[in-house]
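**Student:** Sequence:
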Amino acid sequence: MAKVFIKDLFKRFNTQIYRYIDIGCRGTAVKLVDEPSENGMSMEQAGDKLYDEFFDSLRSNNGPRNLSQIFEDDVKPLQNESRNMRYQPSSAQKQERHQQKIENKEKPRSALGQKWNVEPGVWTTVIAKVAHAFSGSDDVGRVGVALSLHGDGIAKLILYKTKTKVLASVVLTAPNASVIERESYIQFYADDRRFWSLRFDQDADEQDIIQALRKYDLPLTGVVSSCSSSSISDQDSKPKKSSQLQVQVQVQPPQPQPRSRLGPSVSTNQLPSEECPMVDDVIMTPVPRAIGLSHSSSASSSTIHGSLMVAKMDSGNDMDKKMDTILQAMHRLVSGAGSSSSTTQLNDRQQNTNDSEDEMIELEQKMLNLKRENRTLVKSMRAKEQDLEELRTSNSALVELNKELKQQNAALLAAMASNAYDQVNSNSTSASTSCPNCEQSASLINVLKRQVASIQSAMGQTTAAPDAAAHRNGH
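For the sequence shown, the UniProt record's numbering assigns the number 1 to the initial residue and increments by one for each residue that follows.
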């Protein structure tokens with residue numbers, strides 16, 4: 001209501017401005033007067049009339065009941081203007097989205113849309129799983145698989161790597177679209193005519209996809225495995241369709257088939273049958289064909305081609321199963337033959353372990369004995385060092401004693417020499433007086449000399465003994 005009031009004030013302001021301009025142009029008085037219009041009504045009265053009509057429309061049952069509907073006529077002329085030069089209220093955008101939702105709800109749904117019970121006009125994803133994908137003979141890796149339904153009766157099976165990277169899609173509601181269920185794989189031709197094979201890591205995921213396809217009555221073909229020879233013989237027994245079969249084979253070669261998962265375990269006594277010859281598992285790359293050629297093929301030729309493709313895929317699956325059976329039997333034989341050798345190896349390892357432990361114990365005992373001997377040697381070395389120190393102390397005492405003895409000997413020799421000299425002098429004086437005493441003096445001198453020599457030899461032996469002992473202790 002505030003917006004309505006402001007708009008009414010704006011209209012009144014414009015009316016007053018126009019009256020000022022009109023009065024100024026005519027050169028009349030400045031005083032404002034209400035001049036009657038051609039129909040006898042002044043401009044102010046006309047504004048009041050518009051004001052009354054506006055509120056009368058609000059009170060009426062047929063008029064607009066909210067502000068967005070009231071100003072809808074004011075917003076519509078702005079649609080032709082540039083977005084950069086005009087103001088566009090957000091209420092108009094919300095109104096457009098709301099109008100689109102109403103139109104989608106009011107739009108009649110198709111029969112399939114009603115049967116599927118999905119919202120009209122939008123895509124609805126009913127299931128999404130993760131699988132391992134093969135594009136022809138190329139391993140694409142792990143991809144997302146989603147089944148989406150549209151309210152207009154369109155169903156799509158989509159393969160995607162990320163949310164923004166779609167690898168392939170197929171419209172399942174198209175006339176020639178179909179999904180093939182073959183044991184552990186789900187296969188189909190995409191809209192770009194590429195052949196895709198999907199292998200699910202979990203059997204539950206595969207069953208969920210299959211149940212969803214059956215729930216919404218989408219084309220799903222189940223293939224039962226059979227021997228390749230019987231399938232080819234059945235095809236050759238129809239001469240009427242042989243030419244069409246050759247043409248179809250030239251148009252498109254058989255599609256590659258990835259290996260299936262391992263089959264159920266079999267006993268070692270069971271051997272594979274030799275009815276069908278063993279062949280190598282060869283993956284062939286499909287040759288691209290023209291787009292128009294696929295549309296020009298008839299329904300009968302497509303049926304023949306589908307049966308031939310299924311027969312070849314079944315034969316390849318049979319060979320894969322036989323190879324898996326042979327590998328399992330060989331594995332069991334090898335494991336059974338190697339059980340005794342593995343037991344012997346285990347016993348040898350245990351014996352080697354025990355021997356190594358005994359050797360370790362013996363080495364530890366030897367190490368302890370060596371430590372004891374080393375400790376004994378250390379103790380003896382310390383005792384010998386102590387004895388050597390005592391010997392050195394005693395040797396130093398003997399050296400000091402020897403020095404004292406030498407000094408005493410020197411003093412004694414000096415005294416004896418002085419005595420002998422005095423005696424000789426006295427003898428010489430007495431000899432001069434009496435010659436008979438000369439011989440006695442000479443003999444006495446000789447005796448004294450011999451005594452001095454014996455004393456010197458004894459002192460030399462006493463000095464040499466401590467030096468030899470000290471020399472031996474040093475070594």
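Hints are supplied without guarantee of correctness; some may be wrong.
With a cut-off of at most 20 Å between alpha-carbon atoms, the simulated EDC-like pairs for lysine to aspartate or glutamate come out as follows [what the hints assert, rightly or not]:
| hint | residue 1 | residue 2 |
| --- | --- | --- |
| 1 | K384 | E400 |
| 2 | K165 | E119 |
| 3 | K321 | D355 |
| 4 | K379 | E439 |
| 5 | K161 | D201 |
| 6 | K215 | E181 |
| 7 | K312 | E439 |
| 8 | K165 | D208 |
| 9 | K449 | D355 |
| 10 | K366 | D355 |
| 11 | K156 | E181 |
| 12 | K161 | D205 |
| 13 | K165 | D139 |
| 14 | K403 | D387 |
| 15 | K403 | D422 |
| 16 | K321 | D201 |
| 17 | K156 | D208 |
| 18 | K379 | E362 |
| 19 | K165 | D191 |
| 20 | K129 | E183 |
| 21 | K161 | D139 |
| 22 | K321 | E183 |
| 23 | K129 | D208 |
| 24 | K215 | E119 |
| 25 | K161 | D192 |
Derived CB-CB ranges, DEER-like [to be verified]:
| hint | residue 1 | residue 2 | range |
| --- | --- | --- | --- |
| 26 | L368 | Q345 | 31 to 41 Å |
| 27 | L333 | K165 | 44 to 54 Å |
| 28 | S396 | S356 | 12 to 22 Å |
| 29 | S335 | V166 | 41 to 51 Å |
| 30 | E439 | A414 | 23 to 33 Å |
What the hints contain is simulated information worked out from the structure, not anything from laboratory work. Cβ coordinates follow ideal geometry from the N, Cα and C atoms, glycine included.
**Student:** For each hint, tell me whether it holds in the structure or not.
**Tutor:** To see whether the hints hold, each was checked on the structure:
no. : hint                      : verdict
1   : K384 <-> E400             : violated (24 Å)
2   : K165 <-> E119             : violated (25 Å)
3   : K321 <-> D355             : violated (50 Å)
4   : K379 <-> E439             : violated (70 Å)
5   : K161 <-> D201             : holds (17 Å)
6   : K215 <-> E181             : holds (15 Å)
7   : K312 <-> E439             : violated (158 Å)
8   : K165 <-> D208             : violated (24 Å)
9   : K449 <-> D355             : violated (87 Å)
10  : K366 <-> D355             : holds (17 Å)
11  : K156 <-> E181             : holds (17 Å)
12  : K161 <-> D205             : holds (18 Å)
13  : K165 <-> D139             : holds (17 Å)
14  : K403 <-> D387             : violated (24 Å)
15  : K403 <-> D422             : violated (28 Å)
16  : K321 <-> D201             : holds (18 Å)
17  : K156 <-> D208             : holds (16 Å)
18  : K379 <-> E362             : violated (26 Å)
19  : K165 <-> D191             : holds (16 Å)
20  : K129 <-> E183             : holds (18 Å)
21  : K161 <-> D139             : holds (13 Å)
22  : K321 <-> E183             : holds (12 Å)
23  : K129 <-> D208             : holds (9 Å)
24  : K215 <-> E119             : holds (17 Å)
25  : K161 <-> D192             : holds (17 Å)
26  : L368 <-> Q345: 31 to 41 Å : holds (35 Å)
27  : L333 <-> K165: 44 to 54 Å : holds (47 Å)
28  : S396 <-> S356: 12 to 22 Å : violated (60 Å)
29  : S335 <-> V166: 41 to 51 Å : holds (46 Å)
30  : E439 <-> A414: 23 to 33 Å : holds (27 Å)
Of the numbered hints given earlier, the model fails hints 1, 2, 3, 4, 7, 8, 9, 14, 15, 18, 28; all others are met.
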